[in-house]
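Enquirer: Got chain R; can you put chain L on it based on the hints?
Top line first, the protein sequences correspond to chains R and L. Position one of the first sequence corresponds to residue 1 (this note's numbering), numbered consecutively onward. Position one of the second sequence corresponds to residue 1 (this note's numbering), numbered consecutively onward.
The hints are simulated quantities; they were obtained by calculation from the structure and are not laboratory data.
With a straight-line Cα cutoff of 25 Å, these simulated PhoX-like cross-link-like pairs (lysine-lysine) come out:
#1 L:K62 - L:K83
#2 R:K3 - L:K44
#3 L:K62 - R:K3
#4 L:K15 - L:K83
#5 L:K11 - L:K62
#6 L:K78 - L:K62
#7 L:K44 - L:K83
#8 L:K44 - R:K73
#9 R:K16 - R:K114
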Amino acid sequence: AQKITQTQPGMFVQEKEAVTLDCTYDTSDPSYGLFWYKQPSSGEMIFLIYQGSYDQQNATEGRYSLNFQKARKSANLVISASQLGDSAMYFCAMRVDNQGGKLIFGQGTELSVKP
Amino acid sequence: EAGVAQSPRYKIIEKRQSVAFWCNPISGHATLYWYQQILGQGPKLLIQFQNNGVVDDSQLPKDRFSAERLKGVDSTLKIQPAKLEDSAVYLCASSLRTGTGGTGELFFGEGSRLTVL
Numbered sequence: 001a002q003k004i005t006q007t008q009p010g011m012f013v014q015e016k017e018a019v020t021l022d023c024t025y026d027t028s029d030p031s032y033g034l035f036w037y038k039q040p041s042s043g044e045m046i047f048l049i050y051q052g053s054y055d056q057q058n059a060t061e062g063r064y065s066l067n068f069q070k071a072r073k074s075a076n077l078v079i080s081a082s083q084l085g086d087s088a089m090y091f092c093a094m095r096v097d098n099q100g101g102k103l104i105f106g107q108g109t110e111l112s113v114k115p
Numbered sequence: 001e002a003g004v005a006q007s008p009r010y011k012i013i014e015k016r017q018s019v020a021f022w023c024n025p026i027s028g029h030a031t032l033y034w035y036q037q038i039l040g041q042g043p044k045l046l047i048q049f050q051n052n053g054v055v056d057d058s059q060l061p062k063d064r065f066s067a068e069r070l071k072g073v074d075s076t077l078k079i080q081p082a083k084l085e086d087s088a089v090y091l092c093a094s095s096l097r098t099g100t101g102g103t104g105e106l107f108f109g110e111g112s113r114l115t116v117l
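So that you can see chain R by itself, here it is in the shape it has in the complex:
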């Protein structure tokens, strides 16, 4: 069965420093995609970054990068130069390509950025 695991319920980081949020996944299907979403206190889910299972390079989007280690089945999110506005819940999610497009989410990590 497909599963996403986020083992860090909460993380603290100092403003302007980098932080890594952990995500491991489990699937036996070779074709899948990995996503990170941000959920601020307002509740809306905001898409941050995507990595396909066949992508050779790690994805980057501005201050966000995804450290994709396929053999270890991990897809950690790295946020560089943290800002106060980065304080939010962060969810890792997986889509298995032969299962209709739905996303399976992890439990989330609450990130708090300290001034």
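Expert: Then chain L, alone, in the frame of chain R:
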């Protein structure tokens, strides 16, 4: 481009009452999802529509939950009768992608927060 619209944003009901949530996806998005997010947890898929057909409703508690997307555009999720454990945020999402290729990200609405007393 307008995002995913949901209403109402907040609803408080007594247990055993009924409630309905409405969702209008992004124009042109054929796939629509309803997720349930209990406080402190990640979203859990309840039902997925492709146009007006159901793709996946394996985790929908069908004895009390129902959903429809009659014209392949907007959708309604109903709970009847509600239980205390139904207190959650109900998130609607839509996407363009239905097959392989492309990012296929889901675009989410702001959610409907339900409190069952």
